[in-house]
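Use these hints to put chain B onto chain A, whose structure you have.
These are the residues of each chain, in order.
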Amino acid sequence: MAFMLVAVVLFFTLVGVFVLSVYYKNLHREALNIAESKTLTALTSLADSPEFYCHSMKPNCVDADKVIGLINAVNKTNYKNFWDFSSLKIIKASGFGKSEEDMIECNWQNYPDCDSLIIFSKEDKKIKYERTVSSFIALCRKEYENGYTYEKCEIAKLIAGTEIKENKK
Amino acid sequence: MCVLFLKKIFNLENKKAVEFGFNLIFSLIVGAFILFLAIYFASKFIKTQENVFYTESAAQIVSFLDPFETGIASGKSSEINFKKETRIYNEYCNPNDNLPFGLQKISFSEKTLGEKFGDKGEKIQVKNKYIFSDKIVQGKKMNIFSVSFSMPFKISDLLIIFSKDYCFYDPPQKIVDDVEGLRIKNIYFPNETEKCNGVRVCFKDYSNCDIKVYEDEKYVQKEGKRLYYYDNLIYGAIFSSSDVYECNVKRLMNKIEALGEIYENKIKIIERKGCDPRIELKLSNLMNITRNIDNSKALNQISKLSDEIDEINRAANPGCKLFN
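Listed in order, the protein sequences are those of chains A and B.
Quick note on our numbering: the first sequence kicks off at 1 and runs consecutively.
Quick note on our numbering: the second sequence kicks off at 1001 and runs consecutively.
Honestly, the hints are just simulated from the structure, not real lab data.
Just so it is clear, the structure is predicted and the values come from calculations on it, not from any experiment.
Every residue gets a Cβ at the ideal spot worked out from N, C-alpha and C, and that includes glycine.
Take these hints with a grain of salt, some might be off.
Covered by chain A, according to a simulated footprint, are these stretches of chain B (three or more residues, beta-carbon under 8 Å) [said to hold, decoys possible]:
1. 1024-1030
2. 1098-1109
3. 1151-1162
4. 1308-1322
Chain A extracted, bound-state conformation:
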């Protein structure tokens, strides 16, 4: 009888461990889903944030001059911890359909003749895997022509990533 009791306890312990492992696996997945939906909701309002919004105050419009200013800022490294994304970048219309290797990354010298504005990448945050979501935006910048300064806008994609902590792509 005593050994039967021990066997029953062991059996239920094993069942408990199994149930807990299934439960915690779901919890992990749930955490990732929450993080992803958080990235998506944050992304939709990101264009209206003070670091990005256009001078003309159009909705869903990003000021490219400010973004290149941000990329070139000493404080840029701090911004990677300001937003909870694993990466954040803007792909200009000229970069649509191009592979990452073929895209010309914008910097102080080549701006605005470039394809992507990388605010921070997953490598900057030392993150291995991520899942990205994107939103179309109007990307505007100041242009000078025939003695006038005006705002020139084009379509672009704002892309933000969420870290995936498990070793799966």
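For chain B alone, kept in the frame of chain A given last:
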């Protein structure tokens, strides 16, 4: 029946000795141990579940605040309804954590059995939002509204959370318009003779008031402290505890420095496009002052410089304005 059973298991027929078989003793000890373990782990599991739920709720509240980014709107408002009496804890705010932006942490708990509040869930970090509220906001219904804060360019949106009723006596028309325009609930504008069961906020006659707003000197007196304000920060000063307010003012000033650097770089870009903005020196002064502020009292000094920058920007050629 029961006596017979006891007699049998304890061998009570033989009055000289009581026999405890190994199996019986082992069963009793192990049974008690198993029962203890079962109760211990069940209570642990319930505690963990409660903690997970409270932490998830805090994270969801932070996510819920994302769409409050005002963008081109002057503000947004909404309310959250909970099934039970709930507490949002806004107790941690540190302008020197996560430099230069500072950090707030919020946690959540709700009433459990016995009318007691459960232990707080894990704290959720808030790095890119400025939440103004009491240290503990309690209620089944909470009001949230956001207003933008500019000095002179837009710095961020201020998120205000409250659950009590507020009565504003003799407020300026701008505040009445803001509150009515945003349809913020639980803020009333009673006459002096009308009864008010909420927090009394006075703008002119300061007798029998919980919060006093001195518009000319631009400060709010509450909890025995003066909270200086500029622009929409008046709402932060009214609705939040003094510690949370002062911390968020410092965080906002740090943000001016970070945004100032972006605008300095933008100046260099638009100079290439035929513009000649004459803001750079004043902008750099503004950044230097905001770097070293101790409390909201410095807002008076900063506001003058901010107004000067705003004036220069407004006077610029429409195509060459640095900000709107």
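Right, here's what the structure says about each hint:
{"no.": "1", "hint": "1024-1030", "in the structure": "holds (count 3)"}
{"no.": "2", "hint": "1098-1109", "in the structure": "holds (count 4)"}
{"no.": "3", "hint": "1151-1162", "in the structure": "holds (count 4)"}
{"no.": "4", "hint": "1308-1322", "in the structure": "holds (count 5)"}
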